[in-house]
Amino acid sequence: MGEAAPVVDDEFPAWARSVEECEARFAVSASRGLSSEDAAARLCAHGPNELADHPGPSLLQLLAQQFEDTLVRILLAAAAVSFLLALSNSAGEVTLSAFVEPLVIFLILVVNAAVGIWQETNAEKALEALREIQSDHAAVLRDGEWVPALPARDLVPGDVVQLRVGDKVPADMRVLRLVTSTLRVEQGSLTGETASVNKTAHAVPTEDTDIQAKESMVFAGTTVVNGSAVCLVVHTGMATEIGKIHAQIHEASQEDDDTPLKKKLNEFGEALTKIIGLVCALVWLINVKYFLTFELDGWVPRNIRFSFEKCTYYFEIAVALAVAAIPEGLPAVITTCLALGTRKMAAKNALVRKLPSVETLGCTTVICSDKTGTLTTNQMSVAKLVAIGNSAGEVRNFKVDGTTYDPRDGKIQDWPARSLDANLETIAKVAAVCNDASVAHSSQQYVATGMPTEAALKVLVEKMGLSGGMNGLSLDPSDTLGCCRWWNNVAKRIATLEFDRMRKSMGVIVKTSSGSNALLVKGAVEMLLERSSHIQLKDGSVVPLDEKSKKTILASLHEMSTKALRCLGFAYKEDLADFATYNGENHPAHKLLLDPANYAAIETELIFAGLVGLRDPPREEVSDAIEDCRAAGIRVMVITGDNKETAEAICCEIGVFSPGEDISLKSLTGKEFMALEDKKTLLRRKGGLLFSRAEPKHKQEIVRLLKEDGEVVAMTGDGVNDAPALKLADIGIAMGITGTEVAKEASDMVLADDNFSTIVAAVGEGRSIYNNMKAFIRYMISSNIGEVASIFLTSALGIPEGLIPVQLLWVNLVTDGPPATALGFNPPDKDIMKKPPRRSDDSLITPWILFRYLIIGLYVGIATVGIFVIWYTHGSFMGIDLTGDGHSLVSYSQLSNWGQCSTWDNFTVAPFTAGARTFTFDNPCEYFQAGKVKATTLSLSVLVAIEMFNSLNALSEDTSLLRMPPWVNPWLLLAMLVSFGLHFLILYVPFLATVFGIVPLSLNEWLLVLLVALPVVLIDEVLKFAGRLSSPSGHKRRSRKQKGE
0 MGEAAPVVDD EFPAWARSVE ECEARFAVSA SRGLSSEDAA ARLCAHGPNE LADHPGPSLL
60 QLLAQQFEDT LVRILLAAAA VSFLLALSNS AGEVTLSAFV EPLVIFLILV VNAAVGIWQE
120 TNAEKALEAL REIQSDHAAV LRDGEWVPAL PARDLVPGDV VQLRVGDKVP ADMRVLRLVT
180 STLRVEQGSL TGETASVNKT AHAVPTEDTD IQAKESMVFA GTTVVNGSAV CLVVHTGMAT
240 EIGKIHAQIH EASQEDDDTP LKKKLNEFGE ALTKIIGLVC ALVWLINVKY FLTFELDGWV
300 PRNIRFSFEK CTYYFEIAVA LAVAAIPEGL PAVITTCLAL GTRKMAAKNA LVRKLPSVET
360 LGCTTVICSD KTGTLTTNQM SVAKLVAIGN SAGEVRNFKV DGTTYDPRDG KIQDWPARSL
420 DANLETIAKV AAVCNDASVA HSSQQYVATG MPTEAALKVL VEKMGLSGGM NGLSLDPSDT
480 LGCCRWWNNV AKRIATLEFD RMRKSMGVIV KTSSGSNALL VKGAVEMLLE RSSHIQLKDG
540 SVVPLDEKSK KTILASLHEM STKALRCLGF AYKEDLADFA TYNGENHPAH KLLLDPANYA
600 AIETELIFAG LVGLRDPPRE EVSDAIEDCR AAGIRVMVIT GDNKETAEAI CCEIGVFSPG
660 EDISLKSLTG KEFMALEDKK TLLRRKGGLL FSRAEPKHKQ EIVRLLKEDG EVVAMTGDGV
720 NDAPALKLAD IGIAMGITGT EVAKEASDMV LADDNFSTIV AAVGEGRSIY NNMKAFIRYM
780 ISSNIGEVAS IFLTSALGIP EGLIPVQLLW VNLVTDGPPA TALGFNPPDK DIMKKPPRRS
840 DDSLITPWIL FRYLIIGLYV GIATVGIFVI WYTHGSFMGI DLTGDGHSLV SYSQLSNWGQ
900 CSTWDNFTVA PFTAGARTFT FDNPCEYFQA GKVKATTLSL SVLVAIEMFN SLNALSEDTS
960 LLRMPPWVNP WLLLAMLVSF GLHFLILYVP FLATVFGIVP LSLNEWLLVL LVALPVVLID
1020 EVLKFAGRLS SPSGHKRRSR KQKGE
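Numbering (numbering that gives the first Met the number 0), first residue to last: 0 to 1044.
Incorrect hints may have been included.
[As the list claims (entries may be wrong)] Derived pair list, reagent style DSSO-like, types lysine-lysine, alpha-carbon separation capped at 30 Å: (1) 353 - 643; (2) 562 - 547; (3) 537 - 503; (4) 263 - 547; (5) 643 - 549.
[As the list claims (entries may be wrong)] Label-pair restraints from in silico Cβ distances: (6) 626 - 165: 18 to 28 Å; (7) 444 - 389: 33 to 43 Å; (8) 1021 - 658: 25 to 35 Å; (9) 560 - 197: 41 to 51 Å; (10) 414 - 963: 54 to 64 Å; (11) 1024 - 696: 30 to 40 Å; (12) 492 - 587: 17 to 27 Å; (13) 965 - 676: 32 to 42 Å; (14) 686 - 410: 45 to 55 Å.
Note that these hints are calculated values from the structure, not bench results.
A virtual CB, placed ideally from N, CA and C, is assigned to each residue, including glycine.
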């Protein structure tokens, strides 16, 4: 020992080897521990006992990642070009107004990048939370002496460690020997099961087994809740079970996929890039004659003339096209809508940690749910009480209602409330006194401390009440456990025979009110029957326990066990021999209590009194929630660490499986699932599935395979062991009450009430939010199509530029923002949870919707360019006089050839007024540049008005405004007023009007704007009507109407 560090690998199954084999394997003596030299050598070989630190991407890398998006790159290019153009046009005189456009675009990019970086830096917090559950110190045997507080990071394989109650286990260790009679460890953080596990020093016979069955092992990060033991360190650091989970979380965080909406927007961005490139190329081809001319001599161009000024002008149009085509306000509106959605969900107890998950919830196709605490209450309760009847072969069955630790939750059916017989009193006394748990009222709920099964027994005692019809609350309304306290006063405990795995029972010696001693015992029914010689009848009389009586009790036991109830028996003994006069440590018989090996002998010749069946009951609302999932086309899979029979019983009760359904191929253990050759075929089965005794790796594999199959997976979890699967799932859902910090940090959403039905409500809310997001995304994209059409028509017709980039930015960011956000408040469809989930690859915009928006966009282009042309060429339009400002009229030919103005003979223009300003022109050709300010204002106002009216069209994809009037969403009407108010602000505040290159409009001009803008509603109504006629649902409606006639 001490010569060299032994090779330690994952293949050595320490749990299945004897203590001697483990000592030999790790070259250590349990009586001396490692030498300091050997420990130092092993520390060098294996490294410190701590979790690896995975450095995340640097700030520079995160910043670069934010500019990988296609839309962002287009905006960046547009901003750079805009900046250079502003610099070249300023001609030495730099003004802020010249740089408004590039500065606004850069500001958008900075805000988007900041939000993205913030979300990325939040991603690795689960790993930090995992480190916090590690132990800091350990009591270690080195050089034959105990070191009481060695830093846990210095532990090495082969170290001998002592664990005491309350300790956090510092590494994965093999139990060498128990110091106390029992050792119980709370390892729910690893397995997901709340009940503490009894540990033993005996080897487990099976090498290939799950964590829960490794009874001779204790694991890093778990907590000792009872007893003390000496253990041998087997694995440290990243080789521990918690280290493997750490690695899995890191691996899963590297596989974070984009949400379905993000993927669609990325596809849209790529398509938009091609369209922008195509339109820009087309604009240049149409207008190349204006800045590049040449004469052909055969095939050789001569007299080439190039106008840099005109080339720059059309370059500006290309920038305007990029700005017009990109919905710059979309990220802000999406974020706002998702944030509003999180508030709605928070009101339903679903706390969203990551905004995009709100949208992803809407297309969830599979919910993988834990059983304990999510489908069930995570509060053990007695479901059935079996007492003895008037004869030894007769039993009485009582159904017990209630699913929580609240003594007033439910009652006992057919209960003799006012005349508790002697047998029922004995059961109540044993359940109340042979019990270390407690129940208290805290924060509007009842909370148990100690073993959940014992807490359930105390609640049963309260429901049983006392003779004379009294209950605990009538004794003292403020005392939750009044009956239990009464029984503890009647029978005062003076000694405890702790539970152990061999005899499977717990006993207490009590001094009764008559002054005599008695033994009260509870434990496994079969074990108590073996050690019982008599049975107590209903009237309290005691008769011998014969085979017939045993068979009757065992039949009741079998019936409850098949219903997945956990059964406990009650017995007592009044003839205590050596302990008849026991009164404490000074009594001669006390030495017998110091050795747990004597307990079985003390607990013999018992009198059997009755038994109960307990369970973790399903939540009342879960059955309806699962039925809602079925109606919504969402499959429910239950993945639990619990045993198969219990899980199957719960799944059948709550409706995961139908009554009488053959579940032999739908219920598997995690190990059975991993052994399957074709796992995907099983996962594709319709209806519910159950995976019991599941470990973290099983959960991850299920999620991975479902995602590969195109499913959108929501996964619930509460323990450390669930964190990798939570991270890997499309939606990780952690439990708010029972969940560990690690699980919460790895999740996208936290359930404040740990309730499965909250998930279903959140899915419904997510669907509604997605539908509303789709409405405003389509609205904003249709608006951008209109802007592109406007600029394209301007350049194609050769008229002066009607809309400049800074105006388009204002419309996209500010004016369109309020209506788009208000569309997020559209009321949800009544049958939203009756429809199947949308496919994650469903297109955001169908070919028909795209055609509709192209038509609308074409009208926007015609309207904005048309009103520009009307102001220059018409003195009145449809009876509206436009000559009030005194501007000069030109022919359409002059307007479309304005670039040749300098060659026109005798061309003059008169001054005109706009608000308080008068525009005069020394050079008449300036009339088409500086003089276009009124025409530009009309174009911009028409664009704003059309987009406001178009937002009404977006209330529904295909329903007429006559059937869905605007006031169904009053927020939209308010948003339209806000947007018009913002437009008036930039029109009538002189400083802002100068920045945006616009002027105030007269009443007549506003009438013209409204006249040109309103037809967009009529056009879309006609298109909606055509869509309804051509859709399958339209045919159904018409056929129903014809049948009715």
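Results for each hint:
no.	hint	in the structure
1	353 - 643	violated, 34 Å
2	562 - 547	holds, 23 Å
3	537 - 503	holds, 26 Å
4	263 - 547	violated, 71 Å
5	643 - 549	holds, 28 Å
6	626 - 165: 18 to 28 Å	violated, 45 Å
7	444 - 389: 33 to 43 Å	holds, 41 Å
8	1021 - 658: 25 to 35 Å	violated, 53 Å
9	560 - 197: 41 to 51 Å	violated, 20 Å
10	414 - 963: 54 to 64 Å	holds, 56 Å
11	1024 - 696: 30 to 40 Å	violated, 56 Å
12	492 - 587: 17 to 27 Å	holds, 20 Å
13	965 - 676: 32 to 42 Å	violated, 59 Å
14	686 - 410: 45 to 55 Å	violated, 35 Å
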